[in-house]
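Residue numbers (my numbering): 8 to 449.
Heads up, a few of these hints could be off.
[What the hints assert, rightly or not] Restricting the straight-line Cα-Cα distance to at most 27 Å, the calculated cross-link-like pairs of lysine-lysine (DSS-like) are:
| # | residue 1 | residue 2 |
| --- | --- | --- |
| 1 | Lys41 | Lys348 |
| 2 | Lys41 | Lys242 |
| 3 | Lys332 | Lys348 |
| 4 | Lys41 | Lys332 |
| 5 | Lys332 | Lys343 |
[As the list claims (entries may be wrong)] Distance ranges between label pairs, derived from CB positions:
| # | residue 1 | residue 2 | range |
| --- | --- | --- | --- |
| 6 | Arg192 | Ser222 | 24 to 30 Å |
| 7 | Ala82 | Cys366 | 58 to 64 Å |
| 8 | Ala210 | Cys366 | 57 to 63 Å |
| 9 | Arg390 | Arg226 | 47 to 53 Å |
| 10 | Ser264 | Arg89 | 42 to 48 Å |
| 11 | Glu194 | Asp285 | 32 to 38 Å |
| 12 | Val364 | Gly78 | 56 to 62 Å |
| 13 | Thr301 | Glu194 | 30 to 36 Å |
| 14 | Arg344 | Thr301 | 41 to 47 Å |
| 15 | Gln443 | Arg394 | 53 to 59 Å |
| 16 | Pro387 | Ala82 | 56 to 62 Å |
| 17 | Thr301 | Arg92 | 50 to 56 Å |
| 18 | Arg226 | Glu377 | 27 to 33 Å |
| 19 | Gly363 | Arg221 | 54 to 60 Å |
These are computed hints drawn from the structure, not numbers from a lab.
Cβ atoms here follow ideal geometry from the backbone N, Cα and C, with glycine treated the same way.
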Amino acid sequence: MSALLTDFYQLTMLQAYLHEGLEEEAVFELFVRKLPPNRCFLVAAGLEQALDYLEDLRFDDSEIAWLVGRGGFPATLAPRLRELRFTGDVHAMPEGTVFFPDEPILRVTAPLPQAQLVESRLLNIVHFQTLIASKAARMRTAARDKTLIDFGMRRAHGAEASVFAARAAWLAGFDGTATAEAGRRFEIPVVGTMAHSFVQAHASEAGAFEAFARSRPLRPTMLVDTYDSEAAVAKLIAIAPRLKLDGIAIGGVRLDSGDLGAHARAVRSMLDAADLADVIVFASGNLDEHRIATLLQDGAPIDGFGVGTALGTSSDAPALDMVYKLQSYAGIARRKRSEGKATWPGVKQVSRRLDGVGCLAGDLVHLVSESAPGVALLQPCMRAGRRLQPTPTLDQVRERHVHERSRLQSALLLLDAAPAGYGAEISAGLRHLAAQVDSATC
Numbered sequence: 008m009s010a011l012l013t014d015f016y017q018l019t020m021l022q023a024y025l026h027e028g029l030e031e032e033a034v035f036e037l038f039v040r041k042l043p044p045n046r047c048f049l050v051a052a053g054l055e056q057a058l059d060y061l062e063d064l065r066f067d068d069s070e071i072a073w074l075v076g077r078g079g080f081p082a083t084l085a086p087r088l089r090e091l092r093f094t095g096d097v098h099a100m101p102e103g104t105v106f107f108p109d110e111p112i113l114r115v116t117a118p119l120p121q122a123q124l125v126e127s128r129l130l131n132i133v134h135f136q137t138l139i140a141s142k143a144a145r146m147r148t149a150a151r152d153k154t155l156i157d158f159g160m161r162r163a164h165g166a167e168a169s170v171f172a173a174r175a176a177w178l179a180g181f182d183g184t185a186t187a188e189a190g191r192r193f194e195i196p197v198v199g200t201m202a203h204s205f206v207q208a209h210a211s212e213a214g215a216f217e218a219f220a221r222s223r224p225l226r227p228t229m230l231v232d233t234y235d236s237e238a239a240v241a242k243l244i245a246i247a248p249r250l251k252l253d254g255i256a257i258g259g260v261r262l263d264s265g266d267l268g269a270h271a272r273a274v275r276s277m278l279d280a281a282d283l284a285d286v287i288v289f290a291s292g293n294l295d296e297h298r299i300a301t302l303l304q305d306g307a308p309i310d311g312f313g314v315g316t317a318l319g320t321s322s323d324a325p326a327l328d329m330v331y332k333l334q335s336y337a338g339i340a341r342r343k344r345s346e347g348k349a350t351w352p353g354v355k356q357v358s359r360r361l362d363g364v365g366c367l368a369g370d371l372v373h374l375v376s377e378s379a380p381g382v383a384l385l386q387p388c389m390r391a392g393r394r395l396q397p398t399p400t401l402d403q404v405r406e407r408h409v410h411e412r413s414r415l416q417s418a419l420l421l422l423d424a425a426p427a428g429y430g431a432e433i434s435a436g437l438r439h440l441a442a443q444v445d446s447a448t449c
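Build out the structure end to end from the sequences listed, making use of the hints.
Now the structure itself:
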């Protein structure tokens, strides 16, 4: 990815820092200021791609030529850009970790020009995957043990977003994706049925089903709502014995419109009466966690859900108030005091306590120089610009998140709860440092 994939002011500040000789060690922290409405927690995601970006960061000759030409930068800057690499350290919460507002989830320690330059792209990567993983976790809770498939590519905001959304959803508990490239790149199970156009392209609906089954004979799923859902299932039942003689068993039927609960009940009854109890009922069509929860609460016999727009765009909360702020420079704590946007200064850690049964009991945001009970969540993952250990597999990250979610108090899993109760406490030492910085700042 181009080093120019950043806000232009990162480059103008880079030039000014180098011009002034401001190249001492800086510490920036990435965190979320507040939760979106009806969210009680967030899920950290995107660290792997963030570390990839930092390891690969460099300006090529064409990018430097553009900056010196169209960008208006002095030619004397070119050698510094040509040799620029990220040489800093990174501490971060492992992907899949549940976190809360004011808790740094990633800390960069590097010479000021480097630490500043990487702000926009780090936010771009971590914000998006965290946003989608947090939405997917809500859907996983709503769907209970039912199958969940990412259908979001066509509504995603660009190619990279569609692939990263599939990764974040899998991390947070989805069972597969319809995005083929995500399957190839991240080894996520891929799932595909058919579109209405396949049925429409055939002279008869039954003919379309049979043709698809013979083309994809391994337990295919048929889309049955092109014309009339129950009539389509009747046709499928009629051809099932003929397909069975050739060793083809229908795997499922997909409902994509209308009253999904009512159709599911009718279709399930028809399939069971035809001795096709092993054929699953799969639903899609403008679903989100609330519709999924309602369908299951009402007893709809649905075995799995495909979720598109609501997942890939996090439609009810399409952005997080995520920021990346300077907390220390040249060994001196720094603090932003803007109204409504003040930060806690200094280099920080987040320590998490558990109760007697292993559930989350409290988080403390504190200075790294302070001792605190619990488990330290920010772990070293990069030193001098290189990873400290092999990247965990996506399956390992997924397992971590399953464990994390199992430790949440039940109130934090409610879909309509106002953010309250569990949250980060700010240490006494950190509050004292903030007061000191305020008194010394002109």
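Between the alpha carbons of Lys41 and Lys242, is the straight-line distance 27 Å or under? violated (52 Å)
For the range 53 to 59 Å, tell me whether the beta carbons of Gln443 and Arg394 fit it or not. Given a distance of about 36 Å, which is not inside 53 to 59 Å, the answer is violated.
Quick one: are Arg390 and Arg226 within 47 to 53 Å, going by C-beta? holds (49 Å)
Could you tell me whether the CB distance from Ala82 to Cys366 stays inside 58 to 64 Å? holds (60 Å)
Would you mind confirming whether the straight-line C-alpha gap from Lys332 to Lys348 stays at or under 27 Å? holds (11 Å)
Has the hinted range 57 to 63 Å been met by the Cβ atoms of Ala210 and Cys366? holds (59 Å)
Measuring from beta carbon to beta carbon, are Pro387 and Ala82 in 56 to 62 Å? violated (38 Å)
Holds or violated: Lys332 with Lys343, Cα cutoff 27 Å? Answer holds: Lys332 to Lys343 is near 8 Å, not above 27 Å.
For the range 32 to 38 Å, tell me whether the beta carbons of Glu194 and Asp285 fit it or not. 27 Å Cβ-Cβ, so the 32 to 38 Å window is violated.
For the pair we were handed, Lys41 and Lys332, check the Cα-Cα distance against 27 Å. Holds: Lys41 and Lys332 sit about 15 Å apart, inside 27 Å.
Just tell me: holds or violated, for the beta carbon distance of Ser264 and Arg89 against 42 to 48 Å? violated (57 Å)
For the pair Arg192 and Ser222, does the Cβ-Cβ distance stay inside 24 to 30 Å? holds (26 Å)
Of the hints listed earlier, those the structure fails to meet are numbers 2, 10, 11, 15, 16, 18, in rising order.
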